Amino acid sequence: MKIVEPCEAMLSNYEVLAHIQDVKQRYRDQVAEQGPAAAMKPGNLETVMKEIIDYLSTTAATAQTPEATAKLVEELAKSPLQFEKIEVLMMLNHLPKNETELDVLIEELESRLSEEQITGILNTIRSATRSKADRDTLED
Amino acid sequence: MFILTRLSDLITIQPTTFTTPTRQALEDQINARYSNKVIHKIGLSICLYDILKSSDGLIGSGTGNVNINVEFRLIVFRPFKGEVITGRIANSTPNGIHVRLDFFDEIFLPKDLLFEGSVFDHNEQVWVWRTEDGDELFFDKNESVRFRVEEEEFVDNTPVDPALRDSLADADLKPPYRIIGSCYQSGLGVVAWW
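Protein sequence lines correspond, in order, to chains A and B. Anchor point for the first sequence: position 37 equals 37 in the UniProt record's numbering, and the numbering is continuous, going up by one each time. Anchor point for the second sequence: position 142 equals 142 in the UniProt record's numbering, and the numbering is continuous, going up by one each time.
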């Protein structure tokens, strides 16, 4: 084993969830095509995939769609407020709903941003989130 | 919270799996080797993300195994210092609070890094935060809790003699990867508080 690049990129929770759901779907398709023998996957993989899905379903990742997420990243990254990359990533993972939640993620929030800017950011984040009602109709 | 790590490794495919497409066989082998395992100083690897390059398969003498050099990327759980994560309280001790994520259990919030004015209630076995206003807020078991990553510890466990393995208690083995978190800023702590 050789480590070529310890950290090539950072992934958001949403990307991880989407990737694992894709993999699971691919495995299900294989079983449908080739019969149950194809379902034999390493046990450690099954365990970790289940646990990751369990965990990420409790986070904001379930409320995101690919288009809305891409748009949100673009808006936050291009924002004149100059957020750090990790700040954008954390906002994406947590989708803060109020000022206290945002304050934890952004260092020196009050000195960097004015009241209006904070409200603006929270609104941008809210508009990128599917509301719970939307999600329920989709699942039906 | 998650990163992509690029590795290269020699993957062996056994003749019994020659009927599966090579790509799938490689994926299964890589996942079997790395999934849900801690790589020292890298983090807890979750699963294969993509395969970037693979060499031609070579059959060594003596076995029918095919050896392939593969370069691939893994999804790895490795929160950065200062990251805020939400987990669940697994249990509390006088020394601090143990937090778990569904897939990762080794997170500890030591008592010195909890809110000022937090005390341990021995009867209830929970930490209680007495705020300046005189309110009592409880770190109840199984509550969702937000914390900040302060430190990470990697321990390279040396292999144990198989004959001695049974006599060793689990407690003697240190977790290979451990996260120390803090909880003393407003907005952190039990999610329902804020």
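No lab work stands behind these hints, which were simulated from the structure alone. Here the structure is a predicted model, which means the values were calculated and not measured. Where a beta carbon is used, it is the ideal one built from N, C-alpha and C, also for glycine. Possibly wrong hints are sitting among the right ones.
What the hints assert, rightly or not - Covered by chain B, per the in silico footprint, the following chain A stretches (three or more residues, Cβ under 8 Å):
#, stretch
1, 45-55
2, 63-77
Claimed, not checked - Cross-link-like lysine-lysine pairs, in silico, BS3-like; alpha carbons within 30 Å at most:
#, chain 1, residue 1, chain 2, residue 2
3, B, K81, A, K78
4, B, K81, A, K85
5, B, K111, A, K24
Claimed, not checked - Partial list, derived from the structure: chain A residues whose beta carbon lies under 10 Å from chain B:
#, residue
6, K2
7, I3
8, P6
9, M10
10, N13
11, I20
12, V88
13, I118
14, G120
15, L122
Hints, verified against the model:
no.: 1; hint: 45-55; in the structure: holds (count 8)
no.: 2; hint: 63-77; in the structure: violated (count 0)
no.: 3; hint: B:K81 / A:K78; in the structure: 24 Å, holds
no.: 4; hint: B:K81 / A:K85; in the structure: 14 Å, holds
no.: 5; hint: B:K111 / A:K24; in the structure: 40 Å, violated
no.: 6; hint: K2; in the structure: 5 Å, holds
no.: 7; hint: I3; in the structure: 6 Å, holds
no.: 8; hint: P6; in the structure: 6 Å, holds
no.: 9; hint: M10; in the structure: 5 Å, holds
no.: 10; hint: N13; in the structure: 6 Å, holds
no.: 11; hint: I20; in the structure: 7 Å, holds
no.: 12; hint: V88; in the structure: 13 Å, violated
no.: 13; hint: I118; in the structure: 13 Å, violated
no.: 14; hint: G120; in the structure: 19 Å, violated
no.: 15; hint: L122; in the structure: 14 Å, violated
Hint compliance for this structure: hints 2, 5, 12, 13, 14, 15 are broken, all remaining hints hold.
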